[in-house]
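K.L.:
Residue strings, one per chain:
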Amino acid sequence: MRSPAVCLLALAAAACSSPSAPPDPCTVGVLGDATQSIVLQAIALDPNMTPFTVASGDSVTLAFPPQGGRVIFAGVRATNLDGCGVQVEGVIRDLTTHQVRLDSRTVNLSPTGDGWGESDPTDVSTFANVPVCPNEWSATNLYGTPYQLELAVTDRGGRTATQTLQVTPECSEPAHAAECLCICKGGYVLGEVCADTSDGGADAGDEGGGDGGT
Amino acid sequence: MRTTSWVSACVLVMTVSAGCAPKGGTGGSGGGGGDPAHLDPPPSGQGFQFGTPEFAVPSGDEEQDCYFFQVSDLAKSGGLDPTQPINLHHIQVAQRIGSHHMNIFRVKTIVNLGPAGGLVQKGSNGMGQCFVSSNWADWPLVANSQQEGDVDWTYPDGVANVFQPDEWLMLQTHFVNASTQQTPAEGEVNVNFWTIPNSEVTAEMGTIFATKQSIRICESNPTPTFSGSCQINSPSPVNIIGANGHFHSRGKEFDMYTWDGTSITTPPASDRYYQSLEWNEPPMLHSPQLDQTVQANGGVFYSCSFQWQEPPVSIGCAGLNAFDQKKYMTPSADLDCCYTFGPQVDMNEHCNAFVYYYPKQDDVNCF
Numbered sequence: 001m002r003s004p005a006v007c008l009l010a011l012a013a014a015a016c017s018s019p020s021a022p023p024d025p026c027t028v029g030v031l032g033d034a035t036q037s038i039v040l041q042a043i044a045l046d047p048n049m050t051p052f053t054v055a056s057g058d059s060v061t062l063a064f065p066p067q068g069g070r071v072i073f074a075g076v077r078a079t080n081l082d083g084c085g086v087q088v089e090g091v092i093r094d095l096t097t098h099q100v101r102l103d104s105r106t107v108n109l110s111p112t113g114d115g116w117g118e119s120d121p122t123d124v125s126t127f128a129n130v131p132v133c134p135n136e137w138s139a140t141n142l143y144g145t146p147y148q149l150e151l152a153v154t155d156r157g158g159r160t161a162t163q164t165l166q167v168t169p170e171c172s173e174p175a176h177a178a179e180c181l182c183i184c185k186g187g188y189v190l191g192e193v194c195a196d197t198s199d200g201g202a203d204a205g206d207e208g209g210g211d212g213g214t
Numbered sequence: 001m002r003t004t005s006w007v008s009a010c011v012l013v014m015t016v017s018a019g020c021a022p023k024g025g026t027g028g029s030g031g032g033g034g035d036p037a038h039l040d041p042p043p044s045g046q047g048f049q050f051g052t053p054e055f056a057v058p059s060g061d062e063e064q065d066c067y068f069f070q071v072s073d074l075a076k077s078g079g080l081d082p083t084q085p086i087n088l089h090h091i092q093v094a095q096r097i098g099s100h101h102m103n104i105f106r107v108k109t110i111v112n113l114g115p116a117g118g119l120v121q122k123g124s125n126g127m128g129q130c131f132v133s134s135n136w137a138d139w140p141l142v143a144n145s146q147q148e149g150d151v152d153w154t155y156p157d158g159v160a161n162v163f164q165p166d167e168w169l170m171l172q173t174h175f176v177n178a179s180t181q182q183t184p185a186e187g188e189v190n191v192n193f194w195t196i197p198n199s200e201v202t203a204e205m206g207t208i209f210a211t212k213q214s215i216r217i218c219e220s221n222p223t224p225t226f227s228g229s230c231q232i233n234s235p236s237p238v239n240i241i242g243a244n245g246h247f248h249s250r251g252k253e254f255d256m257y258t259w260d261g262t263s264i265t266t267p268p269a270s271d272r273y274y275q276s277l278e279w280n281e282p283p284m285l286h287s288p289q290l291d292q293t294v295q296a297n298g299g300v301f302y303s304c305s306f307q308w309q310e311p312p313v314s315i316g317c318a319g320l321n322a323f324d325q326k327k328y329m330t331p332s333a334d335l336d337c338c339y340t341f342g343p344q345v346d347m348n349e350h351c352n353a354f355v356y357y358y359p360k361q362d363d364v365n366c367f
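For the protein sequence lines, the chains are Z and B, in the order given.
Residue numbering for the first sequence follows our numbering, beginning at 1 and increasing consecutively.
Residue numbering for the second sequence follows our numbering, beginning at 1 and increasing consecutively.
It should be emphasised that the hints constitute simulated quantities derived from the structure, not laboratory data.
Bear in mind the structure is a predicted one, so any value in this text is a computation, not a measurement.
Think of the CB as a built atom: it goes at the ideal place given N, C-alpha and C, for glycine as much as any other residue.
Don't take each hint at face value.
[Stated by the list, open to error] Part of the chain Z face toward chain B, derived, beta carbon under 8 Å:
# : residue
1 : R77
2 : V124
3 : N129
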């Protein structure tokens, strides 16, 4: 502790108190007990964009996202971590070739009031948008085939937790099924004319499509 | 598909203003006459030139226009056989100041944007089909440039990007005359394609266009990083010979790495072949300086890091939130002064990677 005299001198030099750090713009804070290991549950969005806890052996939806293609919206539910600035990574792995497609992003978890926080089901940017299709990476169909889903969270302190599950992606959005079955099949070539893309195509071009250029 | 030729369409639509009609070449390259958009076209039989006419970009506006060209028409304009493939080996791009980007894509699945809708389709301030990127979601990349618009790139010996005569190309320009970027005079873009004969082609060039569109840079989550991967489905190693990344003014670091296709962590720094720390002057790396080998079935790992900033006063958090609500239907409780994906540089962000490689397996788009 500094003496008053020292402090006065230092105040005169405008250097007594250390500059206050700007307030943390994230108010989520610690979820659960940060002295304990992080506990992680994988969640995903179903065809109705409703979250569910994923268990090994479950089917997961190949969803038509704003950016086009098909993704698995893979999120997390976690406790015992700082809920601000959490790096969430979602990975889909081909069980035969071990090839992966991945998405990683920094999110603030939404507290659920019980010491846990989760990806916000009203905001798909808090879910890993695991980019599965177009299928330019796997020789097998990306639907109806088991793949490995890997989730990881890393908090701002560098503490991490992972979960690995076997899942079966499915083209389970009825309004977009035909295009999904085409662009997610094994052997798809970018720009290939799909037999019937009227479902996905129409949607892709309207206001639901991601706009932007580059 | 529309049968009107590009040349006649130009005459009808744009009255053959500067940069519209193909120019019979006398040879040479490079700008001249003080006009940064000037390029001498290739000599007849060696290639062709195409581009845009001059167009206005009013103060406060962003202009994004899509121009369609059929390969056979372009070949004919350059004195080449219009029934034969075009082997692009050397590309030149020249643009006026104010260009935010110029992209050329091969036209594939038509959604709400294509040549049948008009050979020139203009958009302003986010409005119009030329702004809707999902319209060209499966259109392979051909070439791109950014703010520093000049490109003059000869591919390695024997490497060519091959186009069939019946293919259509889309040239997309984006000029900005707003807070973060200005266009002091009219916009204009010209492009030269220099070709080589079939007998000289030893390898085709492929491209990768990777984009993160589900991104939010928000006041309460001010330093997000978004990462992704893109695989080249090749049983043999390939060589990356061109790369550049694109984000807007909240972008702080854009990295690209060679990647083994199976790892899920950021590759080591020794595998990084591209880094951009300046959003408005991103490096445009290409051969011979860039020639990076990617292992069989490997690909590209890329990462964009951002720093949230106060929006321009003219937009404010109210403007960002209004866009977020209208475009993404974000609930009121989730509004957080976020920059979201989109084309408008003052209120939107991007995380796009452009990569060129050979020998081609497929053109690859990763979302």
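K.L.:
Please go over all the hints and tell whether each is borne out by the structure.
P.N.:
Quick rundown of the hints versus the structure:
With a cut of 8 Å, the hint placing R77/Z at the interface with chain B is violated, because the nearest CB-to-CB distance is about 18 Å. The criterion of a C-beta within 8 Å of any C-beta in chain B is met by V124/Z, whose closest approach is roughly 6 Å, and the hint holds. Given the 8 Å rule on beta carbons, the hint for N129/Z holds: about 5 Å separates it from the nearest Cβ of chain B.
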